[in-house]
Amino acid sequence: MRLALFADIHANRQAFAACLEAARANGAERFVCLGDYVGYGADPEWTVETVMGLVEQGALAVRGNHDTAVSSSAESMNAEAQAAIEWTRGRLSAPERRFLSELPLTRQEDDRLYVHSDASQPARWRYIRSAADAGRSLIATDAHVTFCGHIHRPALYSMSVTGKMTSFIPISGVRVPLLPGRRWLAVLGSVGQPRDGDPAACFAMFDTVSREITYCRVAYDVDTAAACIRENGLPSSLADRLFVGR
Amino acid sequence: MAKFVVQPGAELDGFTFGECVHRGGMATLWSVSRADITAPLLMKIPRVSEGEDPAAIVSFEMEQMILPKLKGIHVPHCYATGDFAHQAYVVIERIPGATLYSRLSDLPLPYGEARAIALKIATALSDLHRQNVIHHDIKPSSVLFRPSGEAVLIDFGLSHHNQLPDLLQEEFRVPYGTAPYMAPERLLGVRDDPRSDLFSLGVLLYFFTTGVRPFGESETMAGMRRRLWRDPYPPRQLKPDYPPWLQEIVLRCLEIDPVWRYPTASQSAFELAHPDQIKLTARAERTRRDPLSTVWRRRFNGNLIEPRGKSAVATQLAASPIVAVAIDVTEGSSELNDALRVTVGRILKTLPSARLACLNVLKLGRVTIDRTLDDEGNNKHVGRLVTLKHWASPLKLDESRLTAHVLEAVDPAGAILEFAEANQIDHIVIGAGQNSFPRSLLGSTSAKVATEASCTVTVVRLPRQATPPRGREPPPDDRSIPIL
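Heads up: the sequence lines are chains P and C, in that order.
So the first sequence is residues 1 to 246, counted in the working numbering.
So the second sequence is residues 1 to 484, counted in the working numbering.
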């Protein structure tokens, strides 16, 4: 079965629509959403409705820190993110806010674990920045492959049977076999706000039979996404960064 | 689950075991067969029992990842892989014959034979590097030959795939590999430079032509590290009859800093294929090692190999292409040749590691194809070479980047295409033919080259001529627009 996985959509309708289309064209049979559907971007209603629709049809979804912040003021965020979340809160309907707040922090499916950030303490939203961070997350669970997001920069870590870590920055479009002899942590790039210097939207495909993961990049209409952010009075730096992927 | 016992007659995932072909330190090799596959097969099974070196597992994982991705005649075809959960294995095509290791008792080999072997290995390496893979264990026992002659590289357990995770990168503190053949930068942890394989090729060529390993057989870290500052004895010091062109190639492959080696395996193959065209430098004549002052400088304050950024293999190869330009030296072609030089100059200016092969086809009549070169033919050949060099001189290329070749053929396009295939040319630059008699009969050379070449082809035309007034185009049979 071919899975399509999306992380950090951040209310970027243009980017998410482009990724969904590319995933379907690649033969995606099942969708997995790794959190942070809202915040930063200007289309939270459409994005949450789309995710709700996917979940109704069998997709799996977990909750991110921005989704949590919509209904909880306890999440600490920087000023721009906070401004975007307050704006978002006013835009979403009660059922949409409830959908976000009721999402689980993790989902397990066969030997795969889906989580927004570090799986050792999912509610702390710690970034996976290094092989050491990845090791901490991997040790905490027994999943063969963990998929997460949160840092907006794609990376692929593995741990050997002797506990040695490897790290790798995946190349777009290249199928990487996740060998069964070791455990893997796939950190996805962001759909709606890439920060690795490539403005193209990022998602991943995973083939559960061949156990191959492919990181995909999709060009999308950045101009419209940025214009929506400005028109809605959100901080303009949130629009600017989409053009450079930083 | 009961442990699977490997023995003749046993079955695993449809494969039936035959004899055990080889028992190595890292793995055992079995001859296997499967009803639906006619090719002879080998199954490689890692030694992973308690107490075995963990390197055996990791290097086997690398093979499991890399082998199924490889294509072409220079690698064994991979038929299946099995994972560690049940029984780890890879099934590959069995290449008949012995590895180059079997030739060790014949060393030193005649220079010509060693050159031919090195050329085949360089060609195979070039094919491998283009697939983003660095072998990292080139040595006699990693090289086999197909019955048709091409080299086949085996054993990818230490290899690096530039587009896949490198499981060996952080696994071991000491570099893994075969000590006598290991490139100096490997001792510093560099695993992403394809020129490391050229160093190993240089060690092999040195060994096969002198009978001596250039850096000895020391396997200690201290012994291996000496190659970071100490150059080997020049082959001419060991064998006074050693050809200067061969020493030029060997010592260039063995340069301590990868920057001074050939930029690509294709370029080293090109020199091995054209020994008469090699630009000899001070390396070729050297009869002594570097003086101690130089060695000390390298060792104590040189930092010859400074930490570098990661390099993408594909980017490095793309920056060092072999460009071939086809030059017509017949009358009336000078304007087009000037235009060709402008285009070639632009390409070379952006790519300082590119090299240029200037081609000219000396057309043979169909009737006279079998004649041997008489004096006149020979003079013609030399004359063409002089013309080619003259054409190239305004480009002011270093001689080591430039060669000239006169191809003798009945069919010019066929000759250019054949040269491009044999020499792994990356880019052909050719002028669009004038509206001459043979072209209208036989079709344009440039069109055939552009259609049939397996590399990039740039077709150069003369600058636009004055535009004729509208509505008054010349009649069709009067046009002299080259047809492509």
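Hints are computed from structural coordinates only; laboratory data are not their basis.
Careful: at least some of the hints might be erroneous.
Stated by the list, open to error - Pairs of lysine to any residue, SDA-like flavour, derived with a Cα cap of 20 Å:
{"hint": "1", "chain 1": "C", "residue 1": "K69", "chain 2": "P", "residue 2": "D223"}
{"hint": "2", "chain 1": "C", "residue 1": "K69", "chain 2": "P", "residue 2": "T224"}
{"hint": "3", "chain 1": "C", "residue 1": "K69", "chain 2": "P", "residue 2": "M205"}
{"hint": "4", "chain 1": "C", "residue 1": "K363", "chain 2": "C", "residue 2": "A404"}
{"hint": "5", "chain 1": "C", "residue 1": "K279", "chain 2": "C", "residue 2": "Q169"}
{"hint": "6", "chain 1": "C", "residue 1": "K71", "chain 2": "P", "residue 2": "P177"}
{"hint": "7", "chain 1": "C", "residue 1": "K69", "chain 2": "P", "residue 2": "G90"}
{"hint": "8", "chain 1": "P", "residue 1": "K164", "chain 2": "C", "residue 2": "A56"}
{"hint": "9", "chain 1": "C", "residue 1": "K69", "chain 2": "P", "residue 2": "R241"}
{"hint": "10", "chain 1": "C", "residue 1": "K69", "chain 2": "P", "residue 2": "P177"}
{"hint": "11", "chain 1": "C", "residue 1": "K69", "chain 2": "P", "residue 2": "A81"}
{"hint": "12", "chain 1": "P", "residue 1": "K164", "chain 2": "C", "residue 2": "Q169"}
{"hint": "13", "chain 1": "C", "residue 1": "K69", "chain 2": "P", "residue 2": "V174"}
{"hint": "14", "chain 1": "C", "residue 1": "K69", "chain 2": "P", "residue 2": "G173"}
{"hint": "15", "chain 1": "C", "residue 1": "K69", "chain 2": "P", "residue 2": "E212"}
{"hint": "16", "chain 1": "P", "residue 1": "K164", "chain 2": "C", "residue 2": "K69"}
{"hint": "17", "chain 1": "C", "residue 1": "K448", "chain 2": "C", "residue 2": "E418"}
{"hint": "18", "chain 1": "C", "residue 1": "K71", "chain 2": "P", "residue 2": "E212"}
{"hint": "19", "chain 1": "C", "residue 1": "K69", "chain 2": "P", "residue 2": "P180"}
{"hint": "20", "chain 1": "C", "residue 1": "K69", "chain 2": "P", "residue 2": "R124"}
{"hint": "21", "chain 1": "C", "residue 1": "K380", "chain 2": "C", "residue 2": "A453"}
{"hint": "22", "chain 1": "C", "residue 1": "K69", "chain 2": "P", "residue 2": "V209"}
{"hint": "23", "chain 1": "C", "residue 1": "K71", "chain 2": "P", "residue 2": "R175"}
{"hint": "24", "chain 1": "P", "residue 1": "K164", "chain 2": "C", "residue 2": "Y176"}
{"hint": "25", "chain 1": "C", "residue 1": "K71", "chain 2": "P", "residue 2": "G173"}
{"hint": "26", "chain 1": "C", "residue 1": "K69", "chain 2": "P", "residue 2": "R175"}
{"hint": "27", "chain 1": "C", "residue 1": "K71", "chain 2": "P", "residue 2": "S210"}
Quantities reported herein were computed from a predicted structural model and do not represent experimental measurements.
Inset, instruction - Verify the proposed pairing of C/K69 with P/R241, using a straight-line Cα cut of 20 Å. - result: violated, 37 Å
Inset, instruction - Take the C-alpha atoms of C/K71 and P/P177, compute the straight-line distance between them, and say whether it is at most 20 Å. - result: holds, 17 Å
Legend entry - Hint consistency between C/K69 and P/V174 [alpha-carbon to alpha-carbon, up to 20 Å]: holds, 11 Å
Inset, instruction - Given the hint that C/K279 pairs with C/Q169, test it: the Cα-Cα distance must not exceed 20 Å. - result: Given that 20 Å is the threshold and the Cα spacing comes to 37 Å, the pair is violated.
Inset, instruction - Take the C-alpha atoms of C/K69 and P/A81, compute the straight-line distance between them, and say whether it is at most 20 Å. - result: This hinted pair is violated, its Cα atoms lying about 43 Å apart.
Inset, instruction - Verify the proposed pairing of C/K69 with P/R124, using a straight-line Cα cut of 20 Å. - result: With Cα atoms ~40 Å apart, C/K69 and P/R124 exceed 20 Å; violated.
Legend entry - Given hint C/A453 paired with C/K380 - CA-CA distance at most 20 Å: violated, 28 Å
Legend entry - Pair hint C/K363 and C/A404, alpha-carbon separation not exceeding 20 Å: Given that 20 Å is the threshold and the Cα spacing comes to 16 Å, the pair holds.
Legend entry - Restraint status (C-alpha distance of C/K69 to P/M205 at most 20 Å): holds, 18 Å
Inset, instruction - Take a quick look at whether C/K69 and P/G173 sit within 20 Å of each other, Cα to Cα. - result: Given pair C/K69, P/G173 holds - Cα atoms ~14 Å apart, limit 20 Å.
Legend entry - Given hint C/Q169 paired with P/K164 - CA-CA distance at most 20 Å: holds, 10 Å
Legend entry - Distance restraint between C/K69 and P/D223, which requires alpha-carbon spacing of 20 Å or less: The hint is violated at about 38 Å.
Checked against the numbered hints given earlier, the structure breaks hints 1, 2, 5, 7, 9, 11, 16, 20, 21 and satisfies all the rest.
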